[in-house]
Amino acid sequence: MARRIEIALREGVRDARGERIKREIEHFLHLPVDAVRTIDVYTVDAKLSEDELVKAASEPFCDPVIQVWSIDRPLAAGFDFLVEVGYRPGVTDNVGRTGREAIEYITGRPLEAGEGVYTSVQYLLKGGLSRTDVERIARDLLGNALIQRFVVLDVTEFAAQGGVPAYIPKVQGETKAQVRDIDLEVSDQELMRISKEGVLALTLEEMKIIQAHYRDPKVQEGRRSQGLGAKPTDVELECLAQTWSEHCKHKIFAGTVHYEDEQGNRQEIKSLFKSFIQRTTKDVREKLGDNDFCLSVFKDNAGVIRFNDDWSLVFKVETHNSPSALDPYGGALTGIVGVNRDPFGTGKGSKLIFNTDVFCFADPFYDKPLPTRLLHPRRIFEGVVEGVEHGGNKSGIPTVNGSLVFDERFAGKPLVFCGTAGIMPATLNGEPAHEKSIKPGDLIVMTGGRIGKDGIHGATFSSEELNENSPVTAVQIGDPITQKRMFDFLIRARDKGLYRFITDNGAGGLSSSIGEMSGECGGCRMDLAKAPLKYPGLDPWEILISEAQERMSLAVPPEKIDEFLAMAKRFNVEATVLGEFTDSGYFHILYGDRTVAWLPMEFMHEGLPPMQLPAKWTPPSHEEPTVVAKGDYTADLKALLGSLNICSKESVVRRYDHEVQGGSVVKPFTGVANDGPSDAAVVRPILDSFEGVVVAHGICPRYSDIDTYHMTANAIDEALRNYVAVGGSLDLVAGLDNFCWCDPVTSEKTPDGEYKMAQLVRANQALYDVCLAYNIPLISGKDSMKNDFYDGATKISIPPTILFSVIGKIEDARRSVTMDVKRPGDIVYLLGRTGNELGGSEYLALQGAIGNSVPTVNPEKALKRYQALHQAITDGLVASCHDLSDGGLAVALAEKAFAGGYGISADLGQVLWKGDDAARTDTALLFSESASRHLVTVRPENRDDFESIMAGNCFACIGEVTGEGTVTVTGLSGATVVKAGIDELKEAWQSPLREL
Amino acid sequence: MAKARAIVITGNGTNCEVEAAHACRLGGFDETVIAHISDLLSGDIRLDDFHFINLTGGFLDGDDLGSAKAQANRLRYAKVDDLAEHLIDQLTRFIAAGKLILGVCNGFQLMVKMGLLPALDGAYLKQTATLTFNDCGRFQDRWVYLKVDSTSPSVYTKGVEKGLYLPMRHGEGKFVVDAPATLAAIEEKHLAVFKYSDAAYNAPTMEFPLNPNGSVNAIAALCNETGRLMGMMPHPEAFVHRTQHPRWTREELPEEGDGLVLFKNAAEYVKMNLL
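Here the protein sequences come in this chain order: C and U. Here this note's numbering runs 976 ahead of the position in the first sequence, where the first position is 1. Here this note's numbering runs 30 ahead of the position in the second sequence, where the first position is 1.
Derived by calculation from the structure, the hints in this document are not laboratory data. There's no promise every hint is true.
Computed list of lysine-lysine pairs in DSS-like fashion (alpha-carbon distance at most 27 Å, straight line) [claimed, not checked]:
no. : chain 1 : residue 1 : chain 2 : residue 2
1   : C       : Lys1023   : U       : Lys192
2   : C       : Lys1275   : C       : Lys1472
3   : U       : Lys156    : C       : Lys1031
4   : C       : Lys1258   : C       : Lys1725
5   : C       : Lys1415   : C       : Lys1506
6   : C       : Lys1031   : U       : Lys109
7   : C       : Lys1545   : U       : Lys109
8   : C       : Lys1250   : C       : Lys1275
9   : C       : Lys1725   : C       : Lys1227
10  : C       : Lys1510   : C       : Lys1146
11  : C       : Lys1258   : C       : Lys1227
12  : U       : Lys294    : U       : Lys192
Computed from the model, here is a short list of chain C residues facing chain U with C-beta under 7 Å [said to hold, decoys possible]:
no. : residue
13  : Lys1606
14  : Arg1630
15  : His1634
Restraint-style ranges between C-beta atoms, simulated for each label pair [what the hints assert, rightly or not]:
no. : chain 1 : residue 1 : chain 2 : residue 2 : range
16  : C       : Asp1010   : U       : Asp208    : 23 to 33 Å
17  : U       : Lys192    : C       : Ala1142   : 54 to 64 Å
18  : U       : Glu281    : C       : Gly1607   : 24 to 34 Å
The C-beta atom is built at its ideal place from N, Cα and C for all residues, glycine as well.
Isolated chain C, as found in the complex (with noise of 0.2 Å):
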């Protein structure tokens, strides 16, 4: 029988879980509420002595000095109404499975088959609150309904019934391992309609490639010698719909596209990926010649590049839109612990040094009505920040750098960006660290977490638009812990040389896991009955596409295998041998004794032909703002330092722990009261040497309104001028580029695919160009396609949006520079030209206005700067540096002053200045975001040589660094057209989002 035990504060304690959601019902639900209380609820479904229970319940369970504990009595009182939020079955429940060991220390031993241990939490609603308005709060605010179940109860009824019932959210079933054939000899429409029922996210051409393969004679015979069918089984269908979904397979960048410039040119480009992304690399590579310091690039989990002689650097960047659209906390959590399996599961695995994040939303404060499976742009962006906020912190990995951008349009579908850096060995055992291999009779193993329901159809799922259908199975959440115990696990057993490849198992789950592991060997034989499940009665294709969290395979040579598992039994952490690799050519999963899948190899990796893709560019054409001159901007600057894409975040970014392992040198804030917006990060990662990885991103959305080209080649700037600005080598640095596009494949639901895609192909365009001429690698990235919410009434696209990173190395970290201005009477100087580009920048957005002249970039007159700026940081002749960007000239003078404490007294007469005079305006001037400037200030006794290295290129000196704590900004004709004390635009930056 299960037994409730409840833990709830003694009187007097202080709710400090309560008090934030009252608060948050306050602010966000504008209801009234008096006071909530939280209890905590442990159901417990085991066979235990009542000295057990009283144990668990009393020490564990129970802080004694702040808690009381009951068994089987509820101790909620002093309520209107009660809310009990518990998991539905099978979804993780970290808390329930801490408790169920803490239960087994206390025994002495395992809980049996089927007993467990669930958590809920019980809020006490004290106010004039009616049923609706309770059944408001727990649906919109204490809980997901996807995942959770309620219980509201008033207090009459909560007598009435003498508490809350224990309920038990166990997944019943038993196995069956029923394994279907499926059959494809059926019309078209019928074949569309097994594809879109069974969430397989396969096209009718795709269907009938593999209606064709279970045609050939061939095929037939090889599967009646294992005992199948003509027919393709279940699993067999669902393991060609993960490994071909866009998700796992980049159809769209694989594709070929027939592309029509604007003049009429037409042009056909055979992959996007090849033509590209790899090319950027090759080329890039070429040109670096001796000095190349890439050594894993596109073929491994992620990018790995040299650092020094003895350690290597690995780096990944992923989304994780789709579920983070649904379920906030776990969309962005398991966001965060799978791209940690990343760096980890890169050649023979990496120590995680850093995670970074971008997140994209709709306006938190956001009051217009949605549709209805749009949870609104604040949840999603309190549950985010909170899922990233869990998985970093407690992974401890810190999170150095990172940022909010702004867009109604990102309702649709939010987007979250991870990353995650990790160092390794150059060497390990005598064998690069970055590489790896596997040898036919090697061992399947998988390791981590158990497989349930959990993420299954995550890949296909997030390969199509969001509707209202999206199944909520995709959803999962992360564990954290689970995921380090693990990680403290094999990165001894990787020094100890006990496996020789290793993977993550994330979209897809085991069929893309294994079946990418089988194509290095060529084959595998693997058992689905000897996979660890959470619960019985999952069918053999569940097994098999499960995206269950937690979990990396292996391969294991047979002569290790013994060592490997008893040093995973020590460190606790699950080990299984599922089956082993071959060189048959096929990828043959069993189920016990009987074949349930037998793919070749070539048909699931090479079967399918690539996409054709029209693409047709046509620019667009915006309204052309009339930019009215003023005599006064400072009501502008303020309005921009407050407005949400330049705004101070540093209420979420407080939330990550960003020092953790003790490496940090440059922290997300600076200046003299520690709230300066920094440009980028500065780690050591071995904390004995000075050497410092530097990271930093790019991202401007707003451009790809004009041209997606310019919105490319505006982000890698970015990235790279952020890098430059703190003291980033350009020797040695790495991009990776993360598209996230709305879907560009024309159709009945697109029918501006063509479009879209010529914005892609632009992307793709300016991607070599600018990379080329910076000379940085791509090392690394990834695509999420499909950014677009429709319901059959209302489409929503995000607007097209590269997130560039940039990661790379400072030979000593005590050169790094901080953008706050740092004394009074050091000279002020803008590095850089500024243009009329208003075009897409806050000003005009403002205005609500976008514009036309969108800002470009000149990479080889840029990099030419940068390299000096380099020179003269190295030199130490550098006070401040800050780079130029969203609200331009005026908005990085606010920032570079208030947050080194002092004022700034600058003049635009001064600035220098491109293109036509007659639009050299004060508002230009002030407010346009032309690339690839900085903003540098130098002590006066450094003016000769800073000067004489910058010589022969553009900079100006423009003003200096006053002690009266203002900021005062000469206009063109003489008179003051900014003045401002540096507290009020201090907290004019700060207001916006202290709160959240």
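Following the hints, complete the assembly by docking chain U onto the known chain C.
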């Protein structure tokens, strides 16, 4: 010659083991071992062979049952393989031998919840205080000024003049006690080694964010009456070099960070008293 030996216990969610070991080495320990809890439970590594235990920061078991609660339970009940003892027996023997334990952040939470601190009148394993959710309801990463009580018995704080500037990084750091008498005894015996204060280390403060969690009497660190066991929420191992300071690019700072002194004093104490 005998060696001063430090051990950093890791596993199940500790996160600061590498920098803690680094600080021990810089502080003067001749040998520092990062030991996974499984090495202790298997009996391969024994606490008896060390002089200084570091219980470091992290999220033991995800802090799922409340910070460090599951680990406190594990240490109480887990048996050491092949030895007829529980791990807790090794730990109490270690304390009785007059050796040193420093708990930082999650390690401090563990010590308090196991009853190793304040352990008034030597009553070890009886919990009389706790660390709970910050008043602001959120995890916070920010730097704090810690005013030292120079009359405390702590063996770690010799030479600390006014106080230390260190980062705090926690969601459950609000120190509370079970009864007013406990707090009175802590104050009377000067066991509150560090208190959150203003930037000049003039006076303890309850004001956010200087006091980031709302701890009673602004208590940030606690030692027992012998001064050999100490726990603190802020991270001394995270500030051993000037480049870790948030304002190192604008202030004249010594090479050595504020936190290192605690490890230096620990090493010196071991060398003077335990070798």
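Here is how each hint holds up against the structure:
no. : hint                                : in the structure
1   : C:Lys1023 with U:Lys192             : violated, 56 Å
2   : C:Lys1275 with C:Lys1472            : holds, 25 Å
3   : U:Lys156 with C:Lys1031             : holds, 15 Å
4   : C:Lys1258 with C:Lys1725            : violated, 37 Å
5   : C:Lys1415 with C:Lys1506            : holds, 22 Å
6   : C:Lys1031 with U:Lys109             : holds, 17 Å
7   : C:Lys1545 with U:Lys109             : holds, 15 Å
8   : C:Lys1250 with C:Lys1275            : holds, 13 Å
9   : C:Lys1725 with C:Lys1227            : holds, 19 Å
10  : C:Lys1510 with C:Lys1146            : holds, 10 Å
11  : C:Lys1258 with C:Lys1227            : holds, 22 Å
12  : U:Lys294 with U:Lys192              : holds, 17 Å
13  : Lys1606                             : violated, 35 Å
14  : Arg1630                             : holds, 5 Å
15  : His1634                             : holds, 6 Å
16  : C:Asp1010 with U:Asp208: 23 to 33 Å : holds, 28 Å
17  : U:Lys192 with C:Ala1142: 54 to 64 Å : holds, 56 Å
18  : U:Glu281 with C:Gly1607: 24 to 34 Å : violated, 40 Å
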